[in-house]
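Using the hints provided, position chains B and C with the ligands relative to the given structure of chain A.
Protein chains in written order, with this note's numbering: chain A, 2 to 114; chain B, 2 to 114; chain C, 2 to 114.
All copies of an identical chain are treated as equivalent in the list; a pair is satisfied when it fits inside any one copy or across any two copies.
Mimicking EDC-like on lysine to aspartate or glutamate, the simulated pairs with C-alpha atoms at most 20 Å apart in a straight line are:
1) K19 with D56
2) K5 with E108
3) K5 with E100
4) K74 with E108
5) K5 with E34
6) K74 with E24
7) K19 with D73
8) K74 with E7
9) K19 with E7
10) K19 with E77
11) K74 with E17
12) K74 with D90
Just so you know, these hints were derived from the structure itself, not from any lab.
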Amino acid sequence: MLTKIEAIIREDKLNEVKSALTEIGIIGFNIYEIRGQGRQGGISLVGRSGSYQVDLLPKIQINIILSEHNLDKTVEAITQAARTGRAGDGMIFIYPVSEAVRIRTGERGREAV
Amino acid sequence: MLTKIEAIIREDKLNEVKSALTEIGIIGFNIYEIRGQGRQGGISLVGRSGSYQVDLLPKIQINIILSEHNLDKTVEAITQAARTGRAGDGMIFIYPVSEAVRIRTGERGREAV
Amino acid sequence: MLTKIEAIIREDKLNEVKSALTEIGIIGFNIYEIRGQGRQGGISLVGRSGSYQVDLLPKIQINIILSEHNLDKTVEAITQAARTGRAGDGMIFIYPVSEAVRIRTGERGREAV
Ligand SMILES: Nc1ncnc2c1ncn2[C@@H]1O[C@H](COP(=O)(O)OP(=O)(O)OP(=O)(O)O)[C@@H](O)[C@H]1O
Ligand SMILES: Nc1ncnc2c1ncn2[C@@H]1O[C@H](COP(=O)(O)OP(=O)(O)OP(=O)(O)O)[C@@H](O)[C@H]1O
Ligand SMILES: Nc1ncnc2c1ncn2[C@@H]1O[C@H](COP(=O)(O)OP(=O)(O)OP(=O)(O)O)[C@@H](O)[C@H]1O
Ligand SMILES: [Mg+2]
Ligand SMILES: [Mg+2]
Ligand SMILES: [Mg+2]
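Chain A on its own, in the form it takes in the complex (with noise of 0.2 Å):
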């Protein structure tokens, strides 16, 4: 059974999120820049003419489709290496994936992630 994993992460939480996956011996993913709130709806900034709303935090999200039974150790890792302990650490979302494909030599299932 494949899995896929989107782990919504601190822009400077990368590399030591990348090297946890490294560890663990997780080479697959693929990762780019989204924007979003979490249940805060955002951080509140003091200014000069009083506090104001940023709603958007920039966040970096990664993308890795693996075999089931790599999941636990996957999140726990990330987790792990992921976390501040303060608001806006981010967030790991995890869906079904009916099959895999390697385009160069058509491998298929367990065999391409």
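Leaving out everything else, chains B and C with the ligands in the frame of chain A:
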């Protein structure tokens, strides 16, 4: 049960959609910019030397992971806020989600979103 | 039944893949730029002061939500158009989709894609 909404909307409808989400109490989401085409395969623009086709138009994608009991009202709110009635208003796609984890606290499932 | 294809391809294969999709009648899709690594963990480049590793290579991700009866021919068309035979040709991932809604008309399911 958790579920994911991907809403692809016009760039100039983002503020209206954000307000509509706030109004119904949906706070957590993320966005990024995509380009794409719908069933018209792009649009025809008329220039001095005849008409030409622009095929990949920019849109905003909004991603929301939420509890399934919030799904219907959220799809309804996005649809109403994003609609102009003209081609190119966008699409909403809905996916199953297996799990969500808040990195800071380790909370899972409905507690996490 | 609806399904989603995520195809991660070389940037310079986008036009060929787009043509292949048009040819089989697949019109709706979206794209964005990602960076990532496959099982080689990036590539080694040789410079004057020795070799060094570039780990996150740019690729294009194409996303297509389609009716399941179009899935096999679409995966086949992308695979053939994107393949060079060298490492880095990319991956195709397939996911279950619960629902699709066209915002302008409210159409759902197969009518919407
Ligand atoms: N329900 C959600 N759906 C989609 N994206 C989300 C959701 N919640 C958070 N995000 C994304 O994750 C990022 C980080 O969220 P954040 O860590 O602030 O979550 P949180 O629920 O507010 O937890 P915390 O209380 O620890 O801050 C947000 O900026 C947004 O991009
Ligand atoms: N089947 C699809 N798969 C993936 N993305 C799609 C699909 N259809 C549309 N999109 C994305 O949604 C955007 C908006 O699509 P659009 O609103 O033009 O859809 P449409 O089906 O052509 O409906 P309309 O007839 O109202 O224009 C596109 O630019 C593309 O990014
Ligand atoms: N398991 C994975 N999860 C998420 N993204 C991946 C995964 N594997 C590869 N990718 C993405 O696909 C891109 C292309 O991967 P690539 O074609 O190098 O795969 P590969 O498994 O190394 O196959 P090959 O041996 O043919 O190079 C990567 O740069 C990355 O963005
Ligand atoms: Mg937060
Ligand atoms: Mg259209
Ligand atoms: Mg590779």
